[in-house]
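Enquirer: Sequence:
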Amino acid sequence: DGSSGGPARNRNGLKGTFLPGSIRNPQAPSRHLLKPPGAVTLVSLSTSTVSDQAFVTLATNDIYCQGALVLGQSLRNQRATRRLVVLITPQVSNLLRVILSKVFDEVIEVNLIDSADYIHLAFLKRPELGVTLTKLHCWTLTHYSKCVFLDADTLVLSNIDELFDRTEFSAAPDPGWPDCFNSGVFVFQPSLETHGLLLQHATDHGSFDGADQGLLNSFFSSWSTADIHKHLPFIYNLSSNTAYTYSPAFKRFGSSVKVVHFLGPTKPWNYKYNPQTGSVLEEGSGLANQHQTSFLNLWWKIYQHSILPLYESFQDEEDHASPGHTDHLSPVLLELTFVSCPMATSPTLSPEEERRKWEEGRIDYMGKDAFARIQEKLDRFLQ
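For the sequence shown, the positions run 1 to 383 when the UniProt record's numbering is used.
Worth flagging that the hints you see were computed from the coordinates, not collected in a lab. Misleading hints may appear alongside valid ones.
[As the list claims (entries may be wrong)] In silico DSSO-like pairs for lysine-lysine, Cα to Cα no more than 27 Å straight-line:
| id | residue 1 | residue 2 |
| --- | --- | --- |
| 1 | 230 | 251 |
| 2 | 230 | 146 |
| 3 | 258 | 272 |
| 4 | 267 | 301 |
| 5 | 146 | 258 |
[To be verified] Now the in silico label distances, taken between C-beta atoms and shown as ranges:
| id | residue 1 | residue 2 | range |
| --- | --- | --- | --- |
| 6 | 94 | 249 | 41 to 47 Å |
| 7 | 51 | 252 | 35 to 41 Å |
| 8 | 255 | 304 | 23 to 29 Å |
| 9 | 276 | 225 | 47 to 53 Å |
The C-beta atom is built at its ideal place from N, Cα and C for all residues, glycine as well.
Between the sequences and the hints, there should be enough to build the whole structure, so can you do that?
Expert: Spelled out as structure tokens, the structure:
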């Protein structure tokens, strides 16, 4: 239940990367300001009225940044009144940091290697829990009085500000084992003491599932029996495949769903999206399951209409700053997830014409220059 363990040192261990739009708390440990190339100063990202509470998520690489961006935009679309925070790892590129800063109020880098001693020690003893230990950094956000964590593979369908009326540790049951909670959505109170106890628990006991859910369920072990008020309704963390595992319940309660969680190995960005039909296709298997399609289409609609323009605006800013400069956005970065289906076959161009198109920035992101095709060539080259 988190009551055991030694006292935590009064250090949060954040490497401390704050991007434009972030806030700084004079009472919090010193953090460094980093402004990567192309970063822009943000005036105001939201209509927030509660500055000491936040929605928090985690992106460990550029691909998961795509999920975080859609999540953040979905919160803004639903007029969330709390600040938006994303934790990132050093693996996230400068480009994605800038794009994230256009959606989130704070972008904070977490580097376990350069963290405080007690965090680094936990990482050395339990390297397999690297991502989990990174997620635990959300408890160090002590300039907030209360936070709601959402995994980057969730999508908010309606306003969920009422979750801030809940106490730590509130979460919804896991569909696979309801006596455990699912750690994709939970309410918590930042605390350096709790953070230290969690790290000690991770060092001493590890995680029974090798991830944060096992560790958190072991730490908050009384969740299933102690206080029913800490059980969030399933509509706050609906597994996207529940629609067909228990279809009668979905028909009855599906219209009330507030947060969809794309559990499992296949994420929204693993699907192909046809912008002309507004629907997704799963690689190699035709249409996605019809019960999940509506949620996937919502995800992709946000990605196409709100996230892709951020990349385009970044490119426009770069073009304006450096007229005639032809070093445009890498298709690998832009096409991490957007691999839609071309509607027509493009005419065959000579290698010289192809090269000229790239130099002029006329890249076929939706067709032959899509990331999936580039990846295939890289794989063949490396074999």
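Enquirer: Now look at each hint and say whether the structure bears it out.
Expert: Verification of the supplied hints:
1. About 26 Å separates the Cα atoms of residue 230 and residue 251, which keeps this hinted pair within 27 Å; it holds.
2. Distance restraint check for residue 230 and residue 146: the Cα-Cα separation of roughly 15 Å lies within the 27 Å cut-off, and the hinted pair is therefore satisfied.
3. Between residue 258 and residue 272 the CA atoms are separated by roughly 25 Å; this keeps the pair inside 27 Å, and the hint holds.
4. Between the alpha carbons of residue 267 and residue 301 the distance comes to roughly 15 Å, so the proposed pair stays at or under 27 Å and holds.
5. At roughly 20 Å between alpha-carbon atoms, residue 146 and residue 258 fall within 27 Å of each other, so this suggested pair holds.
6. A C-beta distance of roughly 45 Å is found between residue 94 and residue 249, which places it inside the suggested range of 41 to 47 Å.
7. Distance hint check for residue 51 and residue 252: the Cβ-Cβ separation is about 38 Å, which falls inside the suggested range of 35 to 41 Å.
8. A beta carbon spacing of about 24 Å between residue 255 and residue 304 agrees with the range 23 to 29 Å that was offered as a hint.
9. Range check, residue 276 to residue 225: about 52 Å between beta-carbon atoms, so the 47 to 53 Å window is met.
In the structure shown, no violation is registered for any of the earlier numbered hints.
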